[in-house]
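Asks: Below are the chains, spelled out letter by letter.
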Amino acid sequence: MTEPRRLRIHASVDVCAGVRQCVLSDPIVFGHDDRNLVKVLQPEVNDSPALAEAITMCPTGALSARDAETGEIVYP
Amino acid sequence: MIDDDVLTPERVSDPYSYFRHLQREAPVYWNQKYRAWFVTRFDDVNQAFRDPRYSANRIAAFAANNPDSDHAFDQVLHVLSNWLVFKDPPDHTRLRRLLQSSFTMKEIESWRPRIEVIVNELIDDIEQNDTIDLVRDVAYPLPAIVIAEMLGVPSEDRDLFKKWSDQITALVFGALDQPDRREQAIVGIGELTEYLSKLIRSHRNSGGDDLMASLINARDEGDTLSDDEVLSTCVLLLFGGHETTTSLIGSGMLALLDHPGELKRLASTPDLIGAATEELLRYDGPAKVSVRIAAEDLEIQGHQIKAGARVFLVPCAANRDPERFVDPDRLILDREDGGHVGFGGGIHYCLGAPLARVEGGLAISSILRRIKDIEILDRDALEWHPTLLSRGLRQLPVSAGAIEGAT
Numbered sequence: 000m001t002e003p004r005r006l007r008i009h010a011s012v013d014v015c016a017g018v019r020q021c022v023l024s025d026p027i028v029f030g031h032d033d034r035n036l037v038k039v040l041q042p043e044v045n046d047s048p049a050l051a052e053a054i055t056m057c058p059t060g061a062l063s064a065r066d067a068e069t070g071e072i073v074y075p
Numbered sequence: 000m001i002d003d004d005v006l007t008p009e010r011v012s013d014p015y016s017y018f019r020h021l022q023r024e025a026p027v028y029w030n031q032k033y034r035a036w037f038v039t040r041f042d043d044v045n046q047a048f049r050d051p052r053y054s055a056n057r058i059a060a061f062a063a064n065n066p067d068s069d070h071a072f073d074q075v076l077h078v079l080s081n082w083l084v085f086k087d088p089p090d091h092t093r094l095r096r097l098l099q100s101s102f103t104m105k106e107i108e109s110w111r112p113r114i115e116v117i118v119n120e121l122i123d124d125i126e127q128n129d130t131i132d133l134v135r136d137v138a139y140p141l142p143a144i145v146i147a148e149m150l151g152v153p154s155e156d157r158d159l160f161k162k163w164s165d166q167i168t169a170l171v172f173g174a175l176d177q178p179d180r181r182e183q184a185i186v187g188i189g190e191l192t193e194y195l196s197k198l199i200r201s202h203r204n205s206g207g208d209d210l211m212a213s214l215i216n217a218r219d220e221g222d223t224l225s226d227d228e229v230l231s232t233c234v235l236l237l238f239g240g241h242e243t244t245t246s247l248i249g250s251g252m253l254a255l256l257d258h259p260g261e262l263k264r265l266a267s268t269p270d271l272i273g274a275a276t277e278e279l280l281r282y283d284g285p286a287k288v289s290v291r292i293a294a295e296d297l298e299i300q301g302h303q304i305k306a307g308a309r310v311f312l313v314p315c316a317a318n319r320d321p322e323r324f325v326d327p328d329r330l331i332l333d334r335e336d337g338g339h340v341g342f343g344g345g346i347h348y349c350l351g352a353p354l355a356r357v358e359g360g361l362a363i364s365s366i367l368r369r370i371k372d373i374e375i376l377d378r379d380a381l382e383w384h385p386t387l388l389s390r391g392l393r394q395l396p397v398s399a400g401a402i403e404g405a406t
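If you read the protein sequences in the order shown, they are chains S and E.
Numbering-wise (numbering that gives the first Met the number 0), the first sequence opens with residue 0 and increments by one.
Numbering-wise (numbering that gives the first Met the number 0), the second sequence opens with residue 0 and increments by one.
No lab work stands behind these hints: they were computed from the structure.
Computed from a predicted structure; not experimentally measured.
Heads up, the beta-carbon is just placed ideally off N, CA and C, and yes, glycines get one too.
Incorrect hints may have been included.
[As the list claims (entries may be wrong)] If you anchor each label on the Cβ, the simulated ranges turn out as follows:
1) E/Asn-204 / S/His-31: 35 to 45 Å
2) S/Asn-45 / E/Ile-1: 29 to 39 Å
3) S/His-9 / E/Asp-4: 45 to 55 Å
4) E/Asp-296 / S/Arg-34: 17 to 27 Å
5) E/Asp-208 / S/Asp-46: 37 to 47 Å
6) E/Lys-305 / S/Arg-34: 16 to 26 Å
7) E/Asp-270 / S/Arg-65: 17 to 27 Å
8) S/Glu-68 / E/Arg-111: 25 to 35 Å
9) S/Asp-46 / E/Pro-89: 24 to 34 Å
10) E/Asp-296 / S/Pro-26: 27 to 37 Å
With the sequences and hints as input, model every part of the structure.
Replies: Rendered as structure tokens:
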């Protein structure tokens with residue numbers, strides 16, 4: 000069995016509008032601060048369907064995930 | 000002294016001077032005429048959008064204010080009550096999840112080529128016209144055609160769609176110049192719901208890969224949208240995506256024509272369109288006022304706001320707040336201090352924002368690319384819709400040099 004790839008998570012607080020779809024999709028990786036803006040709780044994680052959903056569902060484009068080794072953009 | 004009338008002719012054409020005054024003198028202001036608090040500073044508006052203590056459910060209050068309701072009007076309220084724009088969590092959370100999955104940036108991006116074709120067809124048609132009205136010819140028809148096509152409406156029914164959209168828009172945006180707006184909305188919603196019910200039934204039977212099919216098939220942990228919810232959502236998408244996008248394109252073109260240097264820069268640097276669309280949304284976007292209800296007793300800037308009170312958040316004031324933006328009344332396409340609350344924020348952040356960005360960007364860049372030497376025919380004669388919640392031009396008549404081909 001192959002190891003799931005490691006991803007580095009990036010969130011741009013300047014772009015975030017506090018819609019909080021990511022928090023609903025993947026509450027382990029994404030939380031929010033006291034202004035209800037995105038906060039990355041786990042900056043490097045294994046790839047997962049919940050993470051993919053969280054990033055795809057962001058309506059502002061504030062989130063991305065890169066391959067931790069190659070730096071290539073994996074999501075969105 | 001602050002005058003409470005937000006919709007005098009001068010303030011309809013220029014709400015910014017009035018709201019600037021309010022922002023400076025009374026940033027949280029009780030307006031007796033509207034019986035609502037007006038909140039105008041960027042930070043306050045931005046925070047309030049993300050604050051769950053501000054409820055978006057104004058349908059309950061609206062129904063209570065219209066006790067002489069009849070069956071037809073109840074039908075209208077029923078459709079509106081399923082709109083996620085008027086819902087609070089947990090109902091909102093569930094619906095937004097289901098709709099969001101059909102409205103991701105990726106999904107909307109996949110429509111870009113088709114939207115570009117529609118924009119180009121609209122510009123092709125201009126050549127046969129004597130006068131050019133950028134609102135009538137491009138900004139107005141585009142969003143209705145796009146959303147109708149996304150929902151799988153046959154092209155021969157497009158004009159019906161536009162008519163219903165107008166009738167419903169008048170009620171929701173509070174068009175003061177249309178005293179029969181309630182009756183119009185009842186007729187519009189009645190006909191539209193009947194039409195959409197048929198369309199949903201045929202989609203259930205035949206499938207398809209359009210937005211309607213995506214809504215019908217949307218799943219969230221086994222949960223789905225009921226036919227009722229699909230129908231209400233279609234009405235919302237049609238209405239929400241129409242007038243607002245029209246206004247973005249119309250006001251956006253006007254702002255550029257008023258700033259020839261920026262227009263020239265955008266025409267020669269097409270890659271600037273993404274940033275330009277954001278700046279046009281900030282500078283003169285369609286969202287004037289957003290209505291909220293205080294869900295509990297609140298305090299903003301020392302003002303006590305009682306539970307149940309109406310709070311009008313004013314994005315158009317916030318987007319010109321000198322505390323937030325350098326030189327706020329100047330259009331600077333690649334502004335370093337960008338950002339705006341034109342799409343709101345928090346859980347009600349505009350679901351259609353990705354679509355508005357694609358449509359607005361494509362319409363404006365195609366107009367600039369293909370229609371040469373555009374000039375406004377009579378700047379002083381331009382009229383704006385006399386509505387409280389939104390802002391848009393009635394028409395934008397222009398003259399032009401050549402209209403070039405699409406390729």
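Asks: Using the beta carbons of E/Asn-204 and S/His-31, state whether their distance is inside 35 to 45 Å or not.
Replies: holds (42 Å)
Asks: Go ahead and decide if the range 17 to 27 Å is satisfied by the Cβ distance of E/Asp-270 to S/Arg-65.
Replies: Since E/Asp-270 and S/Arg-65 have Cβ atoms about 23 Å apart, the given range 17 to 27 Å holds.
Asks: Holds or violated: 24 to 34 Å for the Cβ distance of S/Asp-46 and E/Pro-89?
Replies: For E/Pro-89 against S/Asp-46, whose Cβ atoms are near 30 Å apart, the range 24 to 34 Å holds.
Asks: Taking the beta carbons of S/Glu-68 and E/Arg-111, is their distance inside 25 to 35 Å?
Replies: Holds, since S/Glu-68 and E/Arg-111 (Cβ atoms, about 32 Å apart) stay within the stated range.
Asks: With 29 to 39 Å as the target window, see if S/Asn-45 and E/Ile-1 comply at their CB atoms.
Replies: violated (57 Å)
Asks: Is 16 to 26 Å respected by the C-beta to C-beta distance linking E/Lys-305 and S/Arg-34?
Replies: holds (25 Å)
Asks: Is it true that S/His-9 and E/Asp-4 lie within 45 to 55 Å of each other by Cβ?
Replies: At roughly 48 Å between Cβ atoms, E/Asp-4 and S/His-9 fall inside 45 to 55 Å, so the hint holds.
Asks: Indicate whether the distance between the beta carbons of E/Asp-296 and S/Pro-26 respects the range 27 to 37 Å.
Replies: holds (30 Å)
Asks: 17 to 27 Å was suggested as the range; check whether the CB atoms of E/Asp-296 and S/Arg-34 agree with it.
Replies: holds (21 Å)
Asks: Does 37 to 47 Å hold as the CB distance between E/Asp-208 and S/Asp-46, or does it fail?
Replies: About 27 Å separates the Cβ atoms of E/Asp-208 and S/Asp-46, which means 37 to 47 Å is violated.
Hint violations for this structure: numbers 2 and 5, all remaining hints satisfied.
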